[in-house]
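Starting from the given sequences, assemble the full structure and let the hints guide the process.
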Amino acid sequence: MVIISRIFFAIRSNQMRLSVILLTLVFSSTQVFAGDTGIDVADGLTIRLVADDDLVPDCTTVTVDSLGQVVASGPGYIRALIDNNNDGVFDMEKTLVEGISHGAHGLCFDAGDLYFVADGGVWKVSDSDDDGFVDSQPQRMLEIKTGGEHDAHAVRKGPDGYWYLIAGNATKGMFDLQNVESPVIASPRAGAIWRITPDWTRREVWAYGFRNAYDFDFAPGHAIDTFDSDGERDVSLPWYRPTRVFRVRMGQDAGWISRSWKRPNFDPQMPAVIAELGRGSPTGVLRSGNRRLPKRFNNGVFVLDWTFGRIIFVGDNGRSEIVAQPSGTTGFAVTDIDALPDGQLVISVGGRRSRGGLYLIDAIEPTAATKTEPLWSEEVVEFQREEITRRLFELRALGEPVVDAEAAAVAIAALQMNTTEQRYMNAMTLLIESLGGLGPGDPKDARGKEQVAAVFDGYRGRKRPAIEARLLQEATEKLLEVLKSDSDNVPFRNEVVRTLAVLEPESKEVFNTLASDLGRVESPMDKLHRLIALARLPVSRSDEMTEQVVAAMIEIPVLVEESGLKVDRNWTPRLGELFDALARRDSLLPSRLVSHPDFGHPAHLVWTERMDPENLERARQLLLVRSRDGQIDPAIAKFIALGNDAIPRSFIKQWLADPNTRTAAWLALARNPSEVDIGQLQQAALSVDSTVRAAAEMALKKLDAELPNRESNSQTVQTWIKRTKAILARKGNLESGKQLFVARQCANCHNGAKALGPSLEGISKRFSGEDILRATVDPNHTIADRYRAKQILTADGDVLVGMTIYESVDGLTLLTAESRTLRLNADDIEEIKDSTKSLMPEGLLKGLYNDHVADLLAYMQSL
Numbered sequence: 050m051v052i053i054s055r056i057f058f059a060i061r062s063n064q065m066r067l068s069v070i071l072l073t074l075v076f077s078s079t080q081v082f083a084g085d086t087g088i089d090v091a092d093g094l095t096i097r098l099v100a101d102d103d104l105v106p107d108c109t110t111v112t113v114d115s116l117g118q119v120v121a122s123g124p125g126y127i128r129a130l131i132d133n134n135n136d137g138v139f140d141m142e143k144t145l146v147e148g149i150s151h152g153a154h155g156l157c158f159d160a161g162d163l164y165f166v167a168d169g170g171v172w173k174v175s176d177s178d179d180d181g182f183v184d185s186q187p188q189r190m191l192e193i194k195t196g197g198e199h200d201a202h203a204v205r206k207g208p209d210g211y212w213y214l215i216a217g218n219a220t221k222g223m224f225d226l227q228n229v230e231s232p233v234i235a236s237p238r239a240g241a242i243w244r245i246t247p248d249w250t251r252r253e254v255w256a257y258g259f260r261n262a263y264d265f266d267f268a269p270g271h272a273i274d275t276f277d278s279d280g281e282r283d284v285s286l287p288w289y290r291p292t293r294v295f296r297v298r299m300g301q302d303a304g305w306i307s308r309s310w311k312r313p314n315f316d317p318q319m320p321a322v323i324a325e326l327g328r329g330s331p332t333g334v335l336r337s338g339n340r341r342l343p344k345r346f347n348n349g350v351f352v353l354d355w356t357f358g359r360i361i362f363v364g365d366n367g368r369s370e371i372v373a374q375p376s377g378t379t380g381f382a383v384t385d386i387d388a389l390p391d392g393q394l395v396i397s398v399g400g401r402r403s404r405g406g407l408y409l410i411d412a413i414e415p416t417a418a419t420k421t422e423p424l425w426s427e428e429v430v431e432f433q434r435e436e437i438t439r440r441l442f443e444l445r446a447l448g449e450p451v452v453d454a455e456a457a458a459v460a461i462a463a464l465q466m467n468t469t470e471q472r473y474m475n476a477m478t479l480l481i482e483s484l485g486g487l488g489p490g491d492p493k494d495a496r497g498k499e500q501v502a503a504v505f506d507g508y509r510g511r512k513r514p515a516i517e518a519r520l521l522q523e524a525t526e527k528l529l530e531v532l533k534s535d536s537d538n539v540p541f542r543n544e545v546v547r548t549l550a551v552l553e554p555e556s557k558e559v560f561n562t563l564a565s566d567l568g569r570v571e572s573p574m575d576k577l578h579r580l581i582a583l584a585r586l587p588v589s590r591s592d593e594m595t596e597q598v599v600a601a602m603i604e605i606p607v608l609v610e611e612s613g614l615k616v617d618r619n620w621t622p623r624l625g626e627l628f629d630a631l632a633r634r635d636s637l638l639p640s641r642l643v644s645h646p647d648f649g650h651p652a653h654l655v656w657t658e659r660m661d662p663e664n665l666e667r668a669r670q671l672l673l674v675r676s677r678d679g680q681i682d683p684a685i686a687k688f689i690a691l692g693n694d695a696i697p698r699s700f701i702k703q704w705l706a707d708p709n710t711r712t713a714a715w716l717a718l719a720r721n722p723s724e725v726d727i728g729q730l731q732q733a734a735l736s737v738d739s740t741v742r743a744a745a746e747m748a749l750k751k752l753d754a755e756l757p758n759r760e761s762n763s764q765t766v767q768t769w770i771k772r773t774k775a776i777l778a779r780k781g782n783l784e785s786g787k788q789l790f791v792a793r794q795c796a797n798c799h800n801g802a803k804a805l806g807p808s809l810e811g812i813s814k815r816f817s818g819e820d821i822l823r824a825t826v827d828p829n830h831t832i833a834d835r836y837r838a839k840q841i842l843t844a845d846g847d848v849l850v851g852m853t854i855y856e857s858v859d860g861l862t863l864l865t866a867e868s869r870t871l872r873l874n875a876d877d878i879e880e881i882k883d884s885t886k887s888l889m890p891e892g893l894l895k896g897l898y899n900d901h902v903a904d905l906l907a908y909m910q911s912l
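The sequence shown begins at 50 in our numbering and counts up by one.
To be clear, the hints were calculated from the coordinates, so they are not data collected in a lab.
This structure is a prediction, so every number in the text was calculated from the model and none was measured.
Do not rely on the hints blindly, as some may be mistaken.
[What the hints assert, rightly or not] Once the Cα atoms are required to be at most 16 Å apart in a straight line, the calculated EDC-like pairs of lysine to aspartate or glutamate come out as:
| no. | residue 1 | residue 2 |
| --- | --- | --- |
| 1 | LYS774 | ASP900 |
| 2 | LYS143 | ASP102 |
| 3 | LYS206 | ASP159 |
| 4 | LYS557 | GLU526 |
| 5 | LYS615 | ASP876 |
| 6 | LYS143 | ASP178 |
| 7 | LYS173 | GLU147 |
| 8 | LYS143 | ASP92 |
Here it is, written out as structure tokens:
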């Protein structure tokens with residue numbers, strides 16, 4: 050292996066600025082460093098860890114100036130990194146800014162000045178003494194909300210000399226900053242890209258409609274490339290949109306309307322989607338402005354996904370390639386990306402208290418660096434707007450929903466022209482917009498609370514349709530004709546279904562056509578799309594129509610599960626809202642659903658969340674009877690146990706014998722407790738499930754029985770407990786106790802941003818000395834739910850324990866007691882459960898005498 054590293058001290062013009070520049074790192078083999086880091090890299094590339102958590106803890110951003118100085122940020126700091134011994138690895142840091150409340154979400158250099166986004170604004174720091182490092186007091190250039198994950202993020206200076214800033218959809222009050230006359234976007238919404246004059250005084254929203262794009266870079270053709278987040282909690286719902294790489298032009302709308310409605314890619318006002326990358330958490334974005342890496346990485350953009358630890362290259366030609374990703378359970382929580390002057394990529398990792406670090410990615414055989422930054426032309430790109438799209442832009446520019454009968458007539462006339470599917474889609478988009486557009490419902494809407502629920506944000510006009518009956522009839526007939534055609538373009542057919550739902554025709558023919566179309570599509574999401582549309586139709590239901598709806602309700606959740614589709618936390622509330630609307634249209638629907646012969650799959654429980662008490666208990670009784678002849682699913686058992694009726698002892702006995710249904714058995718016993726159940730209820734009171742614990746404790750109190758203590762069978766723990774009285778009798782030394790607190794690494798878990806355990810500040814006001822000592826020597830005795838670790842059995846047979854710092858349907862990210870970051874995909878997890886063991890070790894006080902422990906106890910009580 051050959052490593053060549055150089056450190057240059059550069060003099061910048063007449064400023065005598067001293068900079069540390071890491072110029073080249075050349076490696077002979079990818080295997081050496083990919084294996085060392087646990088990160089797999091693409092062919093022809095190498096990766097190396099060049100700064101670890103001690104230098105850049107929980108690193109959120111990184112930037113490089115024109116001379117190669119690397120600056121990184123995390124909670125409380127902005128630091129310059131220094132390679133002091135010329136080995137190609139950073140070993141020193143110089144703090145440039147300290148005391149910021151969060152890690153900066155944006156860093157960039159401009160002519161030697163450092164700009165960062167944190168603490169309620171965009172700030173500038175300058176080099177006041179020409180020593181090569183910025184050191185002035187931060188000057189706030191712009192006040193804007195920061196710190197939250199959906200607030201202001203990256204800042205860059207554009208090729209036109211203006212500042213550009215990107216902010217997420219929770220940046221409260223930011224649109225009040227717009228102060229230019231006649232702005233391109235008069236009524237902006239959601240996340241936005243801002244264009245700001247060089248002196249920071251004039252501000253305009255350049256593009257909008259993003260959910261939470263963290264970063265961006267400048268692309269050819271006066272465009273910006275950015276990577277927007279998905280609606281992660283809506284996965285497998287019809288309006289779900291994956292993470293997308295957008296090429297955005299001025300004035301465009303990326304389509305984020307509400308939690309339950311995001312405009313589709315074909316919408317005329319949407320930016321170009323150059324890649325859809327599925328689930329993930331977008332962070333860094335960098336245009337490939339250098340020819341050092343292999344040729345296939347030219348002409349495109351690098352984007353980072355924190356959730357899966359992926360660096361992805363998306364070419365201008367639409368080709369995508371994974372540049373780097375972790376192997377096994379290695380954590381690689383990528384947060385930002387920049388490039389050294391010679392073209393090597395600098396990657397930061399961290400976020401959400403995970404382990405921080407910096408990596409360098411280089412070519413095995415680097416070519417001479419040739420800068421190819423895309424420069425914008427002076428002219429502004431104009432969109433070609435035909436009559437339909439021109440009217441669409443005009444309606445949306447108003448901001449508030451309006452009904453425009455003239456625009457509706459234009460849209461309906463366009464539908465009658467028998468043109469291409471894309472033009473049909475444009476016409477349907479205009480028609481929907483002319484009827485008030487889609488989005489959140491008004492609680493005062495006369496259509497009723499069920500119809501203004503979030504599940505209908507993409508299926509209900511924000512205003513009730515108010516156009517001539519003749520035009521409504523013409524549009525309905527045309528859309529029915531199109532839906533009955535032999536087109537196999539499912540996305541196109543979906544938009545026809547959506548438009549019919551928005552028109553709200555009181556037509557049994559429309560209902561029957563939509564119900565029939567349920568059988569033409571295979572995807573459960575497409576089927577659910579049609580079921581939601583059916584719930585919008587104000588048509589009285591016949592028995593046959595009710596059975597069609599019930600059949601779809603029985604089929605769809607099971608199909609979702611059998612198809613391997615994942616659902617997240619919004620699945621149940623949205624389907625609950627759909628159930629409310631369907632039941633409001635048809636009062637017989639709940640009883641027909643429960644009595645359906647196929648009702649009883651665990652996936653069907655989603656429909657019981659909003660069911661009336663009578664049918665709910667009926668469902669429990671039916672499921673209990675059906676389980677008599679075989680094993681019962683744990684979810685079904687728990688559903689039955691939460692009911693009001695007593696469960697036969699024979700069932701409870703069977704459930705107690707199976708660890709998977711024991712929780713349900715305990716809940717059943719707690720609901721109707723008796724003296725013979727005290728032993729089981731005492732076991733339940735020690736459960737890691739807080740619901741079971743609470744129920745068991747209440748039942749034991751009813752029986753006037755003792756609550757159990759979790760006693761350790763460790764001889765060491767018992768020895769310390771016997772010494773409690775002697776230790777408490779001593780007066781401890783605070784200074785000695787402080788030294789022990791640090792030496793025994795208590796501070797690592799109870800202080801700072803990465804604390805795995807609770808803060809000890811004010812602990813003496815909440816707990817006695819005996820309680821504090823007991824928690825120290827016997828950490829497993831009482832574990833608060835908030836600090837309970839997860840125990841995971843992997844498909845490879847490994848057992849991993851750690852605190853969850855991020856969890857989704859795709860998997861989770863853990864932080865271990867050793868401050869290691871682990872990433873586990875859902876497919877690699879065999880079993881996951883709450884750990885009965887604390888991350889705090891039992892032998893923390895090993896080797897100490899009573900006086901030492903008294904010192905430590907005194908110090909903790911002083912906090």
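A quick look at each hint next to the structure:
A threshold of 16 Å between alpha carbons decides the hint, and for LYS774 with ASP900 the separation of about 12 Å falls inside it, so the pair holds. Proximity of LYS143 to ASP102 is assessed by CA-CA distance (about 15 Å); at most 16 Å being required, the pair is judged to hold. Note on LYS206 and ASP159: the hinted pairing holds, with a Cα-Cα distance of about 8 Å set against a maximum of 16 Å. In summary, the hint linking LYS557 to GLU526 is supported, as the alpha carbons are separated by about 13 Å, within the 16 Å threshold.
A C-alpha spacing of about 11 Å is found between LYS615 and ASP876, which places the hinted pair at or below 16 Å, so the restraint holds. Pair hint LYS143 plus ASP178 holds up; C-alpha atoms about 15 Å apart against a cutoff of 16 Å. Restraint check for LYS173 and GLU147: satisfied, since their Cα atoms lie roughly 14 Å apart, inside the 16 Å limit. For a cut-off of 16 Å, the pair hint linking LYS143 to ASP92 is broken: about 35 Å separates their Cα positions.
Checked against the numbered hints above, the structure violates only hint 8.
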